[in-house]
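Take the sequence shown: its letters are residues 502 to 1357, numbered as in the numbering used here.
Mixed in with the good hints there might be a few duds.
Below, a list of computed lysine-lysine pairs in the DSBU-like style, where the Cα atoms sit at most 30 Å apart [as the list claims (entries may be wrong)]:
| id | residue 1 | residue 2 |
| --- | --- | --- |
| 1 | K1032 | K1205 |
| 2 | K708 | K690 |
| 3 | K660 | K690 |
DEER-style ranges, computed between Cβ atoms [unchecked claim]:
| id | residue 1 | residue 2 | range |
| --- | --- | --- | --- |
| 4 | R1181 | G1007 | 22 to 30 Å |
| 5 | G1231 | D1135 | 41 to 49 Å |
| 6 | R789 | R912 | 47 to 55 Å |
| 7 | E1152 | T815 | 22 to 30 Å |
| 8 | F942 | E1249 | 19 to 27 Å |
| 9 | R568 | R1127 | 16 to 24 Å |
| 10 | E1266 | R568 | 54 to 62 Å |
| 11 | P575 | Y897 | 55 to 63 Å |
| 12 | A845 | I761 | 16 to 24 Å |
| 13 | R568 | E849 | 24 to 32 Å |
| 14 | E1266 | F942 | 41 to 49 Å |
| 15 | G1141 | E1266 | 18 to 26 Å |
| 16 | K1261 | R1127 | 41 to 49 Å |
Hint data in this document are derived by calculation from the structure and do not stem from the laboratory.
Ideal placement from N, C-alpha and C gives every residue a C-beta, glycine not left out.
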Amino acid sequence: MIYILRFFGWIFSALVIGLVFGVLIVGAVVWSYSAGLPDPEELAQYEPTTLTRVYSQEGALIDEFLRERRVFVPIDEVPPLVIQAFISAEDRTFYSHPGFDVRGIISAVLDAAQGGRLRGASTITQQVVKNFLLDGEREIERKIREVILATRLERVLTKDQILELYLNEIYLGQNSYGIVAAANNYFGKTLEELTPQEAAYLAALPKAPSDRHPVNDAEIATFWRNNTLREMGENGYLTPEQVTQAQNAPLLSVQNGDYIPLTQHLPGRDYFTEEIRRRVSQQLGSERVLTGGLTIRATIEPELQAAAAEALRTALIAYDMERGGYRGPLGALDPDEVDLTDEAAWREALRRTRGVRDVPDFHMAVVLDMDAQGALIGVEDPPSDLPDDVSAQTLYVSDFQWARPRLAGTRVGAAPSAPSDLFEVGDIILVTPGRDEAGTFTNWNLRQVPEVQGGFMVMDHRTGRTLALQGGFSYDASSFNRATQATRQPGSAFKPFVYAAALDQGYTPNSIILDAPFVLNIPGQAPWTPKNYSGEGTFNGPTLMRVGLERSLNLMTVRIADTIGMDVVADYAESFGIYDDMQEYLPISLGAQETTLFRLISAYSMFANGGQRVEPTLVDRIQDRRGNTIYRHDQRGCIGCDQTEYNDQPEPYLYSTAERTMSRITAFRLISMLEGVVDRGTARSLSYLPVPLAGKTGTTNDSKDAWFVGFTPNIVAGCYIGFDNPRSLGRGGTGGGLCAPVFGQFMEEYLRLRPASPGKFQPPEGTEFVLIDRTTGQRITDANSENAVYELFVEGQAPSIGAAAATIGTTAYDLSDLPDRIEPAPSVTINNGGGAPVAVPTPPADLGDLGGGGLY
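Take the sequences, apply the hints, and build the full model.
Below, the structure written as structure tokens:
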């Protein structure tokens, strides 16, 4: 008996000793392989590289900024079906194991011992560790480290946090990082729209995405998809009927042409979204924009953006066809390299050619052949309603008579008489379809990208929200943004800020200013002698301040600036954000210092809203990958917004917290004077618009830059037109002749889209209107007088009837021989038309070159 007890004692002792040695060995292995392992707590702060998305006000996706096509999705927003598919395919015991699967590891070891392939047997936790913290080599040492780290990671993160990392980081082929990108790239769907068979296919990809292509490897891909569906059924996630139905479904995919990816519905990059990228990158850093998974809500209103782009393009095409001449093709296909008789060949070659594809109704085309009557063309993406005859493929000579050779200045030569005058076989050109009143195709018209360029911008002046921003004819042709990056002289569009400064200095719209010769003596230089637009020797004598602005009289503006001081004018211009540092030279009062359209529109908005500062923006809100707001433009205060229950309290009240840049009376007086510019002055071509409208034209020396900025009670919009390398726009190249029509065309479409009345400009409280004679500045009682105009005064401070208006600057002049009127500005009529890519603009002119500033 004693021997039996000793025997069992020896066995027990051996087991204990073996267990101790086993624990010591395991501990030694763990200690040995734990040395130098990364800290799993790093993953608690890990944020995967994800793309940034930009949405319009309506919630439509309009652009993406990315380095990798990955969209982060929090685990609580992943549909259960998708989670169940990946759990079934990758790690069915995920929610119960401690980070590694003992049975799986033992099975893998036994398979390897029997001569089989050493397989991974990795849990989802181990895959996260491998992807984030270790290299991907399949070695025993790495497997040990993987298990150690997986165990540690389970103590740092919850199961859902680990799964969130996995689903957002995993590579699933087709440039798809994460499940959101994969759902789009394979099925053109969101996660919520996936069917069981689609979710199962995605879950089958992690092990071998390159070997399970839905088209090239359809049989293998279908096998593994169905295997995942079977697992989902065995795990109780799908009923047997659902499994059978899903397994019998065909493997449909984007790659097979069954679906369209969501990203294909994206409009191309344009001036608006590129400006958002630039500005947000400056604010948050380009790395965060490209990889931070931000959600940006833009201020753009797509309908207004389209209207703004169309209005600007129409004017640029019209000018270019009238004066620009034909400047040649966009490029050419070499007939020796591309068989132009093979449609598939020339279409593929044309597709690879960089061109202009962001202008509606503009089509890239290649000249395939020519005869005396016209050119046979192959059109990229032609309209679907083309007739089935030769006219649908022919550009006739009669349809490009505008394309004359360019001569010196803005002159052009004789019209072409044959296609060979302009083209060679293989030339890549732009064409647009001609249509009759019924919209039926009639012919092709030759077009080109205009050499003259410009910008157009629309802003809500009450909030500073930019509703539309067009920085040129075509973003494809030139990404340089003439609305935000081009610094040009604003010319007479700057004059309202001189008048605003004077109004705040005590002037009134009926103050009389002398319109007479002005000489500025400059030591060591010839005297500076500005003149009015109507020419040398044309003066009006004592003239109402209102009339001076309506007619854009330079001499009155200079005299006002000289009287109140350029330091006062500079302070105003800087306060309104037109310049950061305005030079205090008298010619600057005529708009001789460069600024941008964006700054000028922002400044005019402070006139339009009654004198409150607005911060211009293209973005309403920015949220991080988890939906936390990190930027919000709206800084208005609210009384009552913190109430969570209704107890008969007043409705919440929003109020502005913006500072005031000018008095309400000054703002309204200036609005009234700028309404006169539209009603009787240099922008009277816009007086037909059926809304209250104020604005100012601007034209610089030699007509190098043309401007118009106008506003209604709810929006402010503006246009700039000029050459990127400044030169004269020629006769009629004025703000009223070129930019006012752009504003008018846009407003017509705006009023069609927004037919509700914008209301009227509201005067401030404590004021009254009185009738003033526009020629004498005296108060009158006859409202039917053709010279009568209502002016605003503080209650009790209006001039008495017949009292003489204040006269400024008349002491040293004999006024007896001055003419009593200014000659009307010349006008020009321009036909509709097209244009060619431009070089990157040169830097803006040296601010030291003051020039002569604004003329008109």
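Hint-by-hint comparison with the structure:
no.	hint	result
1	K1032 / K1205	holds (17 Å)
2	K708 / K690	holds (22 Å)
3	K660 / K690	holds (27 Å)
4	R1181 / G1007: 22 to 30 Å	holds (25 Å)
5	G1231 / D1135: 41 to 49 Å	holds (45 Å)
6	R789 / R912: 47 to 55 Å	holds (52 Å)
7	E1152 / T815: 22 to 30 Å	violated (45 Å)
8	F942 / E1249: 19 to 27 Å	holds (26 Å)
9	R568 / R1127: 16 to 24 Å	holds (20 Å)
10	E1266 / R568: 54 to 62 Å	holds (55 Å)
11	P575 / Y897: 55 to 63 Å	holds (60 Å)
12	A845 / I761: 16 to 24 Å	holds (22 Å)
13	R568 / E849: 24 to 32 Å	holds (29 Å)
14	E1266 / F942: 41 to 49 Å	violated (60 Å)
15	G1141 / E1266: 18 to 26 Å	holds (24 Å)
16	K1261 / R1127: 41 to 49 Å	holds (46 Å)
Of the numbered hints stated above, those contradicted by the structure are hints 7, 14, listed in ascending order.
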